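Now for the letters of each chain:
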Amino acid sequence: MIISVNGKAYHIEADPQMPLLWAIRDYVKLKGTKYGCGLGQCGACTVHMNGKAVRSCTIPLSAVGQKEITTIEGLSTDGKHPLQQSWQSCNVPQCGFCQAGQIMTAAALLKTNPSPSEEEVKEAMNGNLCRCGTYLRIRKAVLQAAQSAESKSN
Amino acid sequence: MKASALVGGGLLLHFNGFSASATKGAKPLADDVPKGVPVNAFLKINPQNEVYFRVTKHEMGQGVATGLAMILAEELDVDWQKVNLEFADADLQTYQSKGGHGTGGSTTIKDMWPILQQMGAATRNMLMQTAAQHWQVDFKEINTDKGELINKKDGARLTYGEIAHKASRYKAPENLAPKASALYRIVGNPLMNKIIPDVVKGTYQYGMDVEVPGMLYALIVRCPVFRGKLKKYDASKTMAVRGVKKVLSTAKIGGISGGMPYHIREGVAVLANSFWAAKKGADQLIVEWEEGQNAKQSIEDLEAHMHQESLQESQPTGYIGNPDAFANVADINYIISAEYVYPYQLHAPMETLNCTACYTNNACEIWLGTQSPNYIAGEVNKLLGIPRENITIHLLPSGGGFGRRYYPDVAIEAIYLSKEAGGVPVKLMYTREQDFGQNMVHPYSFTRYQAGINDAKQVAAWYIKEMRTYTWGATFPYRPELPWIGYSIPNIRFDFKHIEAESLLQSCAWRAVLANGWAFGQECFLDEVAYNLKKDPYEFRKELLEEDKETDIGHSYKISTKRLRQVMDLAVSKTDWRAQKQKGKGRGLSVYPYMHGNSYCAIVAEVIVTKGNLAIERIICAVDCGKLINPDLVKSQIEGGILWGVSALLYGGVEIKKGRVLQTNFHQNKIMRHAECPQIEVYFVESDEGPYGVGELSPPAAVPAIVNAYFQATGKRIRKLPIHREGNL
Ligand code: FES
Ligand code: FES
Numbered sequence: 001m002i003i004s005v006n007g008k009a010y011h012i013e014a015d016p017q018m019p020l021l022w023a024i025r026d027y028v029k030l031k032g033t034k035y036g037c038g039l040g041q042c043g044a045c046t047v048h049m050n051g052k053a054v055r056s057c058t059i060p061l062s063a064v065g066q067k068e069i070t071t072i073e074g075l076s077t078d079g080k081h082p083l084q085q086s087w088q089s090c091n092v093p094q095c096g097f098c099q100a101g102q103i104m105t106a107a108a109l110l111k112t113n114p115s116p117s118e119e120e121v122k123e124a125m126n127g128n129l130c131r132c133g134t135y136l137r138i139r140k141a142v143l144q145a146a147q148s149a150e151s152k153s154n
Numbered sequence: 001m002k003a004s005a006l007v008g009g010g011l012l013l014h015f016n017g018f019s020a021s022a023t024k025g026a027k028p029l030a031d032d033v034p035k036g037v038p039v040n041a042f043l044k045i046n047p048q049n050e051v052y053f054r055v056t057k058h059e060m061g062q063g064v065a066t067g068l069a070m071i072l073a074e075e076l077d078v079d080w081q082k083v084n085l086e087f088a089d090a091d092l093q094t095y096q097s098k099g100g101h102g103t104g105g106s107t108t109i110k111d112m113w114p115i116l117q118q119m120g121a122a123t124r125n126m127l128m129q130t131a132a133q134h135w136q137v138d139f140k141e142i143n144t145d146k147g148e149l150i151n152k153k154d155g156a157r158l159t160y161g162e163i164a165h166k167a168s169r170y171k172a173p174e175n176l177a178p179k180a181s182a183l184y185r186i187v188g189n190p191l192m193n194k195i196i197p198d199v200v201k202g203t204y205q206y207g208m209d210v211e212v213p214g215m216l217y218a219l220i221v222r223c224p225v226f227r228g229k230l231k232k233y234d235a236s237k238t239m240a241v242r243g244v245k246k247v248l249s250t251a252k253i254g255g256i257s258g259g260m261p262y263h264i265r266e267g268v269a270v271l272a273n274s275f276w277a278a279k280k281g282a283d284q285l286i287v288e289w290e291e292g293q294n295a296k297q298s299i300e301d302l303e304a305h306m307h308q309e310s311l312q313e314s315q316p317t318g319y320i321g322n323p324d325a326f327a328n329v330a331d332i333n334y335i336i337s338a339e340y341v342y343p344y345q346l347h348a349p350m351e352t353l354n355c356t357a358c359y360t361n362n363a364c365e366i367w368l369g370t371q372s373p374n375y376i377a378g379e380v381n382k383l384l385g386i387p388r389e390n391i392t393i394h395l396l397p398s399g400g401g402f403g404r405r406y407y408p409d410v411a412i413e414a415i416y417l418s419k420e421a422g423g424v425p426v427k428l429m430y431t432r433e434q435d436f437g438q439n440m441v442h443p444y445s446f447t448r449y450q451a452g453i454n455d456a457k458q459v460a461a462w463y464i465k466e467m468r469t470y471t472w473g474a475t476f477p478y479r480p481e482l483p484w485i486g487y488s489i490p491n492i493r494f495d496f497k498h499i500e501a502e503s504l505l506q507s508c509a510w511r512a513v514l515a516n517g518w519a520f521g522q523e524c525f526l527d528e529v530a531y532n533l534k535k536d537p538y539e540f541r542k543e544l545l546e547e548d549k550e551t552d553i554g555h556s557y558k559i560s561t562k563r564l565r566q567v568m569d570l571a572v573s574k575t576d577w578r579a580q581k582q583k584g585k586g587r588g589l590s591v592y593p594y595m596h597g598n599s600y601c602a603i604v605a606e607v608i609v610t611k612g613n614l615a616i617e618r619i620i621c622a623v624d625c626g627k628l629i630n631p632d633l634v635k636s637q638i639e640g641g642i643l644w645g646v647s648a649l650l651y652g653g654v655e656i657k658k659g660r661v662l663q664t665n666f667h668q669n670k671i672m673r674h675a676e677c678p679q680i681e682v683y684f685v686e687s688d689e690g691p692y693g694v695g696e697l698s699p700p701a702a703v704p705a706i707v708n709a710y711f712q713a714t715g716k717r718i719r720k721l722p723i724h725r726e727g728n729l
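Protein sequences appear in the order of chains A and B.
With this note's numbering, letter number 36 in the first sequence gets 36, and the count goes up by one each step, no holes.
With this note's numbering, letter number 248 in the second sequence gets 248, and the count goes up by one each step, no holes.
To be clear, the hints were calculated from the coordinates, so they are not data collected in a lab.
Treat the hints with care, as some may be off.
[To be verified] Chain A residues, not near chain B, derived (Cβ > 10 Å throughout): (1) 63; (2) 126; (3) 137; (4) 138.
[What the hints assert, rightly or not] Ranges between beta-carbon positions, derived for each pair: (5) B:613 - A:147: 49 to 57 Å; (6) B:305 - A:123: 38 to 46 Å; (7) A:80 - B:662: 42 to 50 Å; (8) A:11 - B:612: 31 to 39 Å; (9) A:63 - B:662: 50 to 58 Å; (10) B:138 - A:80: 45 to 53 Å; (11) A:63 - B:584: 29 to 37 Å; (12) B:613 - A:65: 37 to 45 Å; (13) B:716 - A:123: 51 to 59 Å.
Since this is a predicted model, take the numbers as computed values, not measurements.
For every residue, glycine included, the Cβ atom is placed at its ideal position computed from N, Cα and C.
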């Protein structure tokens, strides 16, 4: 099977039922995408599939086909996506384990809704768990990133 | 891979290129830093004047890697932008006298503060001596400025990096006076946590991300019932799964051991060339267990048993004043009594437990995030016979420890599997289902509180009788220890009984440990007493904290009424405490210290209950943790700790039927989500003491504040967690 991750094609020989998460982690060897539950419950494994946020733990490899996968490592070339920056200025992560998933969910939100309200942020982020309890900072950082992106485009 | 002889006679494998793969994207390990020289046990400085701080404590989300680096960087006087973190290997001998690697009890910053101050100051002194020699001037003529040495005579400058390689020739005087706090440039500032740039790029490496050439992935199917035994298994279907290489029993290492008890469940391990193959293989295993007595028990049975036990006569474990006050104090008019239950709780760190191990010839090498490498070395030596000096431990940060990563079980399992598999490197992982269903948990405790009220409507005596599934606290480390009660009550008595033998799960440390149950019962029951006496809960506490005093509760720190009062007054001052109560709304207070960290916390919670639905609107928290190294990271810990408590209150607990945990994943063991998250405000008592601990400070106080607010809103008293499962709402 050939899948495309962050603009590169990877030939993977594995069980077609294997979730995309494990293809990314154990075959493509990109470790930024995390396993948290394997059941679509926590969002730690969130990546983009054709630009949409999806749970890579629930998508069998066979369902990926030609779709373009973007992981946290491919979110920006220089690590300077507005969210990657606001995550720093808001001191968001504690252990950091859930944060790749949080950022990928937030990035997909900002694509379709560049200036979300606080309520919209809460709702969009509700599927991503954080055991360390960084929710308030995530909320703040998403709004801040939206604002900085907006001021740049103006 | 190449093998080389060890001093101890054993063989140890070096994986050429491991450093590169394991630390990919993270800061390079010290040896990769061009000519970086170790200037002391905690740091290296390279010719580019970049500083590499060696993180000896476990970074599991508390922000200690950054906090510790800040302390050292301050005294050393370097440019904070040039400070990098390095997650180094365990060195049990070198660091034994320098704070060790053990991480827990909210003690890291508190204990490392003097050590790193000295380290920083001494290294700066050595660099100054080197410069004085270099310029042939008197030591007094040398000053430093953000990583540079200055010759005061002519203004000449040298970077630390230029002469660091010569500095170790000099010896620094001992007991150098630390910098005056007025001169601080780093400490006290809300700086960014240094791990974040890597976290947001996905390049920050956890134990789960380690890869060792040739490794197999392992999953262990453990007995679903605590203390059950492996009878037999049929692996024929498993072996037919493509990628599965081996199936092994782990029955030999099963059982309870250790000074701080932990339990390894007997099980059957599946080793495969991918996680997915191991998982599919594990799903195909047919296993028969000797489930034992616990298979007949449910959580309700345990609670009934505890209740029965609590009715037996008991002796005081510790007391203040007269232990027989109820019988002997003549003026006790009446007694108020209530029972509180703080149940088992799952840790649920986002990164499930894992360890990568490679065993060869009586030696081993492991990679994991652990709160106690020392405990691992001791237990591996005891159980597997590997000499301590032949155990190499690569320390990685983790995606949450919360006390669970203090225990050595996962390392023992991984090393055992690597050994039994003939020395193949093995990466042992837990699935989330295993994390919930086959794990150790917060102890279950059942406590009866009694307050003896005298004719003057004062609390003359306070009794606490606790049944708990873990001894910790009453027997370790201080004895006798009372729950952390600081109120001026003349007679306090604590009767503790452990019921480990009847426990349905192995108990262990869980963020804030015993303070969780103690604060819940004490601060809620105190609220009950206040209402009974028709006193305002804040005014009532004020009376009990009026007098300045320090009470010996059997802990190494005494508990201070002044510090309790200060946090309480500060938190209440940020609310409209005296405002008229509104229908459906409630406000609750709780005050509790975290004695291992010597810090104090008060929380006011504001809730709304509409049609039985509880919404936590606002949490106001006041903290006295001494001086703040990094106020924003401290605030972050307090926020996270509050939500930790809220998750336990709303959704925690463990359901058990036929000895089995019923929660399998996050849909059944819920933790708080974004949309439910209340506003949190954190205020600090200004202090020049400390620094003290913060990681476990806020969870205990958060729960009773909300429960007390809920009572004010509804008139219903919650005495057992979690509230969602008890049908209270
Ligand atoms: S790991 Fe995919 S949602 Fe949790
Ligand atoms: S930062 Fe630790 S789980 Fe979110």
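Here is how each hint holds up against the structure:
With a closest Cβ-Cβ approach of about 15 Å to chain B, residue 63 (chain A) is found to remain outside the 10 Å limit, as its non-interface label requires. The Cβ of residue 126 (chain A) does not lie farther than 10 Å from every Cβ of chain B; its closest approach is about 5 Å, which violates its non-interface assignment. The Cβ of residue 137 (chain A) sits about 7 Å from the closest Cβ of chain B, inside the 10 Å cut-off, so the non-interface label is violated. Listed as outside the interface, residue 138 (chain A) is inconsistent with that label: its C-beta sits roughly 7 Å from the nearest C-beta of chain B, within the 10 Å cut-off.
Distance hint check: the CB atoms of residue 613 (chain B) and residue 147 (chain A) are about 33 Å apart, inconsistent with the given range 49 to 57 Å. At roughly 44 Å, the beta carbons of residue 305 (chain B) and residue 123 (chain A) sit within the given window of 38 to 46 Å. A C-beta distance of roughly 46 Å is found between residue 80 (chain A) and residue 662 (chain B), which places it inside the suggested range of 42 to 50 Å. Hint check: residue 11 (chain A) to residue 612 (chain B), Cβ distance near 56 Å, so the stated range 31 to 39 Å is violated.
Hint check: residue 63 (chain A) to residue 662 (chain B), Cβ distance near 31 Å, so the stated range 50 to 58 Å is violated. Restraint check, residue 138 (chain B) to residue 80 (chain A): a C-beta distance of roughly 48 Å satisfies the suggested window 45 to 53 Å. Between residue 63 (chain A) and residue 584 (chain B) the Cβ separation comes to about 48 Å, which falls outside the hinted range of 29 to 37 Å. Range check, residue 613 (chain B) to residue 65 (chain A): Cβ separation about 44 Å, and the 37 to 45 Å hint holds.
Range check, residue 716 (chain B) to residue 123 (chain A): about 30 Å between beta-carbon atoms, so the 51 to 59 Å window is missed.
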